[in-house]
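**Q** Residues per chain are reported as follows:
There are 2 protein chains.
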Amino acid sequence: MNNKKEKTREYILEKSSQLFSEKGFKEVTMKDICEVTGLSRGGLYSHFSSTREVFEALLERITSEDEFDIEEEIKKGSSAVEILNASLTRIRKEIEKPEESLSIAIYEYAQANDSKEIVRLNQRAEEKWSKLIRYGIEQGEFKKVNVNEMVSVILYSYQGVRMWSKIMPIKKNTAIQITNNIKNQLIIK
Amino acid sequence: MNNKKEKTREYILEKSSQLFSEKGFKEVTMKDICEVTGLSRGGLYSHFSSTREVFEALLERITSEDEFDIEEEIKKGSSAVEILNASLTRIRKEIEKPEESLSIAIYEYAQANDSKEIVRLNQRAEEKWSKLIRYGIEQGEFKKVNVNEMVSVILYSYQGVRMWSKIMPIKKNTAIQITNNIKNQLIIK
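First to last, the sequence lines map onto chains A and B.
For what it's worth, our numbering labels the leading residue of the first sequence as 1, then goes sequentially.
For what it's worth, our numbering labels the leading residue of the second sequence as 1001, then goes sequentially.
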């Protein structure tokens, strides 16, 4: 894909991300995306043929960036504790800014479409966390925990707070309590 | 409230509970509740004036029953481990039967109304779990964990799985992994 086309595509994803976090998935139309991007209908459709395609490209990008960051750090031989802290801080910041979270959009997307894509992304998130935890154990920085149990607790406690933060004010320290609990379970003092 | 009126009220809540777990909150009308209960419009309205009232009565009942069970067991001086196992088993069974869960309805209800009621119920759930964990620590059955951290992890990992189990197939062992993690964090071997 040539550079200009790629730039436009990135711009569409960036602008759509704001739309989806504000309005969820159901309510966003291709017309809305034309408006926020200033693209003509033809211009937008030369990149994406539906809001579903835009949203799936967005999820794919978020997931890959996330995976890439952790892969890179592990390759660099960075400290597992530092990688964990960075990941948990990202999570905490997202929980503290529900208005920027895509949770509801992901939720509506999954209700509107088959769950194949969500299952695939969820598996990748599981693999990413498993890799980090196993790396920490190999490095002697993490306790020899049950990796699958830890991954489930990390993914779902986070998802739980993300979803609920959209419908009720979550105490600021809830996110901190959960990330502290995960750190205490993993990190060897 | 006299016995017959009370019985009818219970019957309405029971039948409505099935409706709400199938259809969520938004889509359920008072007419639907008349149909499933076989009550006349007048009959139903003599008990509840809106689906919101029915749903709030339902949430109130579920929460009180739950609190009552734990209070009773603690009064009886039952083992904290047994109470914990019973509570976690209830949670696991609900996670394994998403079709009977009210999660989506609760979610839609909270989006449609102010979050006061949900915040109140959430606080009661927090108090219930805090009470059980403190009891277990006093009894010398539980480790001296950070109670608030444990409560947040229990409530939100459970909520996370509940919500996601509605939109994607959750591996059966996810619920078991989470409850195992909670048990291992709490119970002194």
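These aren't lab readings, by the way, just hints derived from the structure by calculation.
Where hints are given, some of them may not hold.
Derived EDC-like pairs: lysine to aspartate or glutamate, alpha-carbon spacing no greater than 20 Å straight-line [said to hold, decoys possible]:
#1 K1143(B) - E149(A)
#2 K1189(B) - E149(A)
#3 K171(A) - E1141(B)
Non-contacting residues of chain B with respect to chain A, defined by C-beta distances greater than 12 Å in every case (computed) [stated by the list, open to error]:
#4 G1024
#5 H1047
#6 F1048
#7 T1063
#8 D1066
#9 I1083
#10 I1106
#11 D1114
#12 Y1135
#13 E1141
#14 V1147
#15 E1149
#16 K1166
#17 K1171
#18 T1174
Every residue, glycine too, gets a C-beta built ideally from N, C-alpha and C.
**Q** Next, verify each hint and record whether it holds.
**A** Evaluation of the provided hints:
1. K1143(B) - E149(A): holds, 19 Å
2. K1189(B) - E149(A): holds, 18 Å
3. K171(A) - E1141(B): violated, 29 Å
4. G1024: violated, 10 Å
5. H1047: holds, 27 Å
6. F1048: Consistent with the label, F1048(B) stays out of reach of chain A, its closest Cβ about 23 Å off (over 12 Å).
7. T1063: Nearest chain A Cβ is 15 Å from T1063(B), so the label holds.
8. D1066: For D1066(B), whose nearest Cβ neighbour in chain A is about 18 Å away, the distance exceeds 12 Å, so it holds.
9. I1083: I1083(B) clear of chain A: closest Cβ-Cβ about 21 Å, beyond 12 Å.
10. I1106: violated, 8 Å
11. D1114: violated, 10 Å
12. Y1135: holds, 20 Å
13. E1141: Non-interface label stands for E1141(B): nearest chain A Cβ at 20 Å, farther than 12 Å.
14. V1147: violated, 10 Å
15. E1149: violated, 4 Å
16. K1166: violated, 8 Å
17. K1171: Label violated. Min Cβ-Cβ 9 Å, cutoff 12 Å.
18. T1174: violated, 5 Å
Checked against the numbered hints given earlier, the structure breaks hints 3, 4, 10, 11, 14, 15, 16, 17 and 18 and satisfies all the rest.
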